[in-house]
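Based on the provided sequences and hints, a complete structural model is requested.
Protein chains: 2
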Amino acid sequence: MQQNKGRVTLPSQQNFLEETKELMERWGADALRDSDGTKLDEEIKQLNAKVYTTYFVARSHNEFAEKHLEEMQQLYLMSKFNTATGNELTIAFLDGYFEEQVEADYIHDVKKWWEVIDRTTGEVVDPVKWQVDKVQNVLIITDAIPWHEYTVSFLAYMKWDPTQMYNHITNDWGDKPHEIPFDVRQPHSNQFVKNYLQKWLKGNPDTDVVRFTTFFYHFTLIFNNLGEEKFVDWFGYGASVSVAALEAFAEEKGYRLRPEDIVDQGYYNSTFRTPTKAYLDYMDFIQKFTVSEIKSLVEEVHGHDKEAMMFLGDNWIGAEPYGKYFKDTGIDAVVGSVGDGTTLRMIADIPHVKYTEGRFLPYFFPDTFYDGNDPVLEAKENWLTARRALMRKPLDRIGYGGYLSLAYKFPSFVDYVGKITNEFRSIYELIHEVKPYSGLKVAVLNAWGRLRTWQTHMVAHGKYYKQTYSYQGVLEALSGSATDVTFLSFDDVIKSGIPDDVDVLINAGDASTAFSGGECWLDETLTSTIREWVYNGGGFIGIGEPTAFHHQGRFFQLADVLGVDKELGFSLSTNKHFTETVDAHFISENITSYDFGESTDNVYALREDAEVIEYSNGSIHLSSSSYGKGRGVYMAGLPYSHENTDLLMRSLYYAANKEKQFNVWHASNPYCEVHAYPDIKKYTVVNNSAEKQVTHVYLGTGISYEVALEPCEMKWEDYANEG
Amino acid sequence: MQQNKGRVTLPSQQNFLEETKELMERWGADALRDSDGTKLDEEIKQLNAKVYTTYFVARSHNEFAEKHLEEMQQLYLMSKFNTATGNELTIAFLDGYFEEQVEADYIHDVKKWWEVIDRTTGEVVDPVKWQVDKVQNVLIITDAIPWHEYTVSFLAYMKWDPTQMYNHITNDWGDKPHEIPFDVRQPHSNQFVKNYLQKWLKGNPDTDVVRFTTFFYHFTLIFNNLGEEKFVDWFGYGASVSVAALEAFAEEKGYRLRPEDIVDQGYYNSTFRTPTKAYLDYMDFIQKFTVSEIKSLVEEVHGHDKEAMMFLGDNWIGAEPYGKYFKDTGIDAVVGSVGDGTTLRMIADIPHVKYTEGRFLPYFFPDTFYDGNDPVLEAKENWLTARRALMRKPLDRIGYGGYLSLAYKFPSFVDYVGKITNEFRSIYELIHEVKPYSGLKVAVLNAWGRLRTWQTHMVAHGKYYKQTYSYQGVLEALSGSATDVTFLSFDDVIKSGIPDDVDVLINAGDASTAFSGGECWLDETLTSTIREWVYNGGGFIGIGEPTAFHHQGRFFQLADVLGVDKELGFSLSTNKHFTETVDAHFISENITSYDFGESTDNVYALREDAEVIEYSNGSIHLSSSSYGKGRGVYMAGLPYSHENTDLLMRSLYYAANKEKQFNVWHASNPYCEVHAYPDIKKYTVVNNSAEKQVTHVYLGTGISYEVALEPCEMKWEDYANEG
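Chains as they are written, first to last, in our numbering: chain U, 45 to 767; chain A, 45 to 767.
What the hints contain is simulated information worked out from the structure, not anything from laboratory work.
Take the hints with a grain of salt, since some may be wrong.
Intra- or inter-copy, both count: the list cannot distinguish identical chains.
Derived DSSO-like pairs (lysine-lysine); straight-line CA-CA distance at most 30 Å [claimed, not checked]: (1) Lys156 with Lys479; (2) Lys339 with Lys398; (3) Lys759 with Lys704; (4) Lys94 with Lys297; (5) Lys620 with Lys203; (6) Lys620 with Lys274; (7) Lys332 with Lys173; (8) Lys339 with Lys736; (9) Lys297 with Lys510; (10) Lys620 with Lys124; (11) Lys368 with Lys297; (12) Lys124 with Lys673; (13) Lys485 with Lys368; (14) Lys620 with Lys507; (15) Lys398 with Lys246; (16) Lys339 with Lys437; (17) Lys673 with Lys173; (18) Lys178 with Lys65; (19) Lys507 with Lys220; (20) Lys759 with Lys155.
No experiment lies behind these values; they were computed from the predicted model shown.
Written as C-alpha cells, this is what we have:
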C-alpha cells in the first residue's frame, strides 16, 4: 500500500547537494524549493525533482520602486484619540506609528482625502476648521469643542513590505535594504510587473513552479514606533487602498467611499466586525481587480510551460481562494502553512486548483532545532492534529520550510519525517478520490459565509488569542470528524434559505462580532427562516453568545429555539427557576470533565422543558431544547480537545435528531476516530493520541468490536457489504 | 458613658407579660410593637413604654374590599413570548401566573388598554387583528406573521396583597382569607381609607405610634402558577397602575402612556433599566399622588396626638424617602430592616423625619431560633457589619421583630442583645449630633442619583444576586468608612455640573444598566463635564463596566480618563502592549490577595502611562491613570470585605490626589477603623472583626501608635488639640 516517493517538497539551500540528495531519498521528495533568504545551487536544480522558485511580484525590486515612489502602496491610518482641552487641538497623527514603515501622503490633497472626526459625537469636522503642518507632521484643529475626542484618518504611504519588515527586524538583517511595495494599480508598476515576470520566466528555465509569495496587497500589518507589531489582521485590506483605487471604486460602484469606510473607528474592518455594505463593495472591487491582474500573470507563466502556485498568506489580499472570482485566476496550486486540522482543511478544500500543498511544522529554524530540544515532539503533534483533517480531505502534497541543514542534524527527526511522508502517501493513495462517510452535514453560519471557509475567528494566522480559542475549537473539531461542513452567510439564508442537505446550523461567537452576527439578527427573514427550518426538524447549535443582539426583551434573538438566554442585568427581577440538570443526556454520555474555555456567564433556561445538562456557578453551560420537530443546543464555549470533539459530535447528532445513527463508523473512545470510505469498502481506526488506546469500533451496521491501538496508530480494514 | 434605657423597640405578644417586662429591663426597651400575626395584651400596652401598632392602609379590610372589587389594585403584565407557526396564534396570556393572585381585567375595554406586540419587529399589532376569549382566557391573533414572536401586555387585577400572600404561603396559613388590596385612587377606597383611620385612631387610644406597613402600593411581587416567586422588584411600580391612574396621568402630563411604557419588554422598568422619560414621568406622577394622600393620613394621626411611622418596604411605592416630595408627607419616623451597613445608612440618612429606627437581625423566627443553633452568631455578624455604618450616621433607635417568646429561650442571645443595646445607646449618646471626620467626599454616579440613595444594585431587598454583589460591595465599604457620600444622577451632572465639594466620582455597574449608564454616556455634556472636572484635579473611579456603551471605537466612553477600555472582539487585531504591572502602588500597598468578585474580563490599557496594578489571565483588574491634574482608577469589581474596603479607600485617596492625607484618623489594619469626632475631641478605634487585632492608629496629626483590640472591641479616646 505504501509508496516511497512523491508528493513531498523540501526546502534546500546552497552547498548542501549530497545531504539534499540523501534527504530526498529518505523522505521521498520530488520537489525542491528555495525560501526567503535561501537560494538553490545549479546542481540542486538539476536533481530529479520539480523546482519551485519563490517569486515576489510587488516588492523586492527597489531598483524600480525607488524611481516611482509616487506608486508606493498606501494605507488609511487613524491617529490615536486626542482630547481637546481648549479650542485648539494639535494632533501628532503619526504618533505611535513606525516611521520606517509609513509616512503621510502629502502628494494628494489632504483636505479631500483625510478626515477629522469628533469621536464624542461621531461627526466629521469641516476641513476649514483644520490644517496640516507638513513639516511637523501635525494636524491642528482650530475650532475644536473642548473635552471632545478627535481622531485623524490620514492617507499614508507604506515604504516597507510588511513581511520583509517582519523578517528583517526579527532576524536583525541590519543594513539590508527595505523592500518598497509598489502598487500594480499604478501605470508604471503595472507595466513593470508584467515585463519583469516575462523576463524572469525566460531567465529561469529550471523553474517548474513559480511560487508566488504572493501577489499585490499584503494583509494589514502595522508596526509601532518601537518597531513592534501594532496591528495585525490576516484578512485586512488595509494595504490595498490608494487614491487611484478610491477613484476607480467611485467610477465602478457609483458612489465614493469615505476614509471612515476603511478606518472604521480604528477597527479597520477586521473580520470580527460585521461587514458594512460599503466594505463588502470595496472587497468585491479589490477582488475583481486583483483576480484580473493575477490572471494575466498566470497566463504568462503558463505561456512558459510552468505552473503558477500561490502562497496562502502575505500579499494574498483580493486573491482569497474562496472568493467568487478566484476560479478566474487560472492558478494551478495553492500552498499554505498547516498549523492544525482547520488550516489543513482551509488549504485542502480550495476549489478550482489542480493541487494543494501544506507546509508542515516545525519550520526548520533555530527556535526549534537547537541542541537539547527534540523537534520530533512538535512534528508528532502537528502530524496527529493535521492527520485527522487529512482523512476527510487530503492535501495533494506536503512539504517543509526553512534550513534543511538544520533538520539534517537531528537524525530522529529525519527518521520521523520519513514515517510521516510514507504515511501521508499511503493515505493519499487510498482516499484522494474517494468521498469519506459523513453522518451529517453541518453549516457554520456567520456574516462571512463561504468567503471565510475554515477561517472564522482568526486574527493573525496561527496566533493564539484568549478571546478566540473557545470558538476556534468548533472548526478544529469539525475539521477531522465524519461530517460534511459548509459555510453559510446570513445573506445566503436570507436570499436562498437553508440548503436541503444541511442537518445542523452552528452559530458561534461573542455578541456583535461577525461570527455571532450582531445586528444581522434583527432581520426578520433570517430569524423566521431558521425558526421554520428548526421547527420542521432542523438542528441549531449556538455557542457562546449566539444570535445575540439585545432587542425587544431578548438578548439571544433565537432564544426560543435555544431554550436559553443570557441575563444582561435587566431581568434580575425575574426568577430563574429552571436550573435543575437532567440525570443523563445523550450529549454528555462520554464526558469526564467539562471544559468550556473562556465560557459564557449568566445563561439561564427560559422554559421548564429545556434540558439543562451542565449548570454551575449560577449559569447554564450546556443545554438542549426541543423546538417543534427540531432541536436547539446551547454551549458556553468549545475549545479544542478530543473530549470536546466527542461532545460536539454528540451535540450535532442530537440536534439533528439522529442519535440512533451516532454509533455508525464510530469509535467509542474520544481519542480515536473511525473514517470509512464506502466506495472502496475500507475503513480505518485512528488513534489520534500519542498514547495507547482501546476503543469499541462501530461498523456501518452498528455492530461493534474492541480494538487496541498503539500510540498514533491507524489500522486500515476492508469490509464486505454488510460493513 | 452608658445609659441603661431607651431607644430600643421590642416586639411582644399575647400572654407574655412578665417575660416582656424582664426583657424590657434587660435590654432597656422603651417601646413595644405588635407584628403581622401577633397582638399586644392590654396589660402590656399599659407598661411604661411607647406602643407601636402596625397599621395596614390598603389591605386587611376584606369586609370593604369585597364590596368594591372594581377598586382592586391593578397590574400591567406581559404574557410569555409566543412564536406563531401559522397565521393564527392563540396566546394563553395568563400562562405562568398565579391564579390566586391575578386575574385579567375584562371590565375595561381590552382593545383600548391591552397591547399585542410583535417582538420580532417591535411593532404593535393592530387590535383589529386579535380578539380575546374571556372564557378561556386566551387572546387569538388572526393575522399573525408566521415565525414571529408575540407577547400580550394585559391589564390585570391583583386579588391578593403580595406580603400577605408571601407570609400566607410561607407559613401555610391555610384557609385564612386572602387580603385584597384596594386602590386609594378609587373613590370608595379613598373614602374608606380616611374614615377607617379616623375610627381606628379613636378606638386605639393606647397606641402612641401608628406604624404604617405601609401605604398604598406594594413593590412588584408576582408569583407563578406553582405559587412560587416569579418576579420581584423592590422598587417596582407595577401595582400602582390602573385605568384611573393612566387617565389621570394623561390629564396631568399631557400625553398618554402605552402599556409598553410600564411592561418594558418584560423588564417592567426594573431599577437596572436606564429609566425612560415616560417612566420617570410616571414615577413622578405616582409619587406626587402618594405623598398627598399620605399627608392627609399623617395629619389625621397627628390630630390624635400620635406619631406616624413608615415601614420602609412592602407598600412603600411612591413614598420613597429620598424622593422629591417625601418631606411633604409630614411623617415622623421611618423604620426599616438592617441587613448590613448599606441598609443601615439607607435608613439613617433619611431626611425630613424626627427619627429613624432599624430593625436588626436575626428576626425572632424558628428558622434561626431552634434547638442546637446559636442565634448569637448571626446577631454578632449583623451588629459588627452595621456598627461601622452607625459610627458614621447613627439610627435614632434600634429594635427587633418576630416572637419575643422564641428569643427568650436563648439566654446567651438575651445577654448578647443586652450588650448590643447598651453599646448602641453609648454610641448614640456621644455622636448623634456630631459630624464625624471625613477625609473625602464621594459621589456615586448613575441614572438614579439621589432617589436611590444607598439603594443601588438592589433587586429584592436583602437577597443575594451573583450579578450584583461585586458592585454592592462598593456601597457597603463606603457605608462605614470615613467619607461623605452623596448620590448624583447623570441629569444632575448635565444640569448642574459636579458639586464643588466632591473629591471623587464612582461609576460602577454592568454595561447598559442604569448603574453604569448605557446610552446616557452618549450625552456630550456628561462626558465633557466629567473630563474637564477630572482634568482639573478630580478623581474618577470606574468599576466593572463603567461608562460603557459601544460608540465610535470605544466601549468605555471615558476610556481616556480611566486609561483602559474593554475588548469586545472588534480590536483583537490591535496589540495590547501595556500589560506590565507596576512594582508597587499606593492603592495595593496593603493587599494580600485580590478578590474582584464576578470581575470583568478583557480589559486592557490604552496608554503606556496607565499604571497596571493587577493583571492576570490576559486582563487588567486594577489600574490607575493620570488625566491632566486628576486621576482615573479602574477596578474589575469590589465585593465587600475588610481588605476591599481598604482597597477602595486607598483608591479614593489616590484618585483624589490626597494620598498624603490617607494616614489621618486611620487604622493600618484593614479589620480595624478609626472614627474621629473633632467637635467633641473624641475618637474611637474599632475592631470590626470577631478576632483579636493589632493595629497602628494614625491620629489627626498623622502621628501613630500601636494598639491591641479584643474581638469586636471599640476603644474610645479623648484627644487634645494636637490630635
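Q) For the identical chains here, do Lys332 and Lys173 meet the 30 Å Cα criterion within one copy, between copies, both, or neither? A) Neither, since 38 Å and 50 Å both go past 30 Å.
Q: State whether the alpha carbon distance between Lys759 and Lys704 is at most 30 Å within one copy, between copies, both, or neither.
A: Answer is within; shortest intra-copy Cα gap is 25 Å, inter-copy 74 Å.
(Q) If the cut is 30 Å between Cα atoms, do Lys339 and Lys736 qualify within a copy, between copies, both or neither? (A) For Lys339 and Lys736, the Cα distance exceeds 30 Å both inside one copy (50 Å) and across copies (83 Å).
Q. Given a CA cutoff of 30 Å, do Lys620 and Lys507 count as a within-copy pair, a between-copy pair, both, or neither?
A. between (39 Å within a copy, 14 Å between copies)
Q: With 30 Å as the alpha-carbon cut-off, assign the pair Lys124 and Lys673 to within, between, both or neither.
A: between (53 Å within a copy, 21 Å between copies)
Q) Using 30 Å as the alpha-carbon threshold, which applies to Lys368 and Lys297: within, between, both, or neither? A) within (17 Å within a copy, 59 Å between copies)
(Q) Regarding Lys339 and Lys437, is the shortest C-alpha distance of 30 Å or less found within a copy, between copies, in both, or in neither? (A) For Lys339 and Lys437, the Cα distance is within 30 Å only inside one copy (27 Å; across copies 81 Å).
Q) How would you label the pair Lys620, Lys124 (within, between, both, or neither) given a Cα cut-off of 30 Å? A) Classified as between: cross-chain Cα gap 14 Å, same-chain 44 Å, threshold 30 Å.
Q.
With identical chains, the pair Lys156 and Lys479 could be close in the same copy or across copies; at 30 Å between alpha carbons, which is it: within, between, both, or neither?
A. neither (56 Å within a copy, 63 Å between copies)
**Q.** Intra- versus inter-copy proximity for Lys297 and Lys94 (alpha-carbon distance at most 30 Å)
**A.** neither (44 Å within a copy, 85 Å between copies)
Q.
Reference check for the pair Lys507 and Lys220, CA-CA at most 30 Å: within, between, both, or neither?
A. Close inside one copy (28 Å), not across copies (68 Å); limit 30 Å.
Q: Give the relationship of Lys620 and Lys274 under a CA distance limit of 30 Å: within one copy only, between copies only, both, or neither.
A: between (44 Å within a copy, 8 Å between copies)
Checked against the numbered hints given earlier, the structure breaks hints 1, 4, 7, 8, 9, 18 and 20 and satisfies all the rest.
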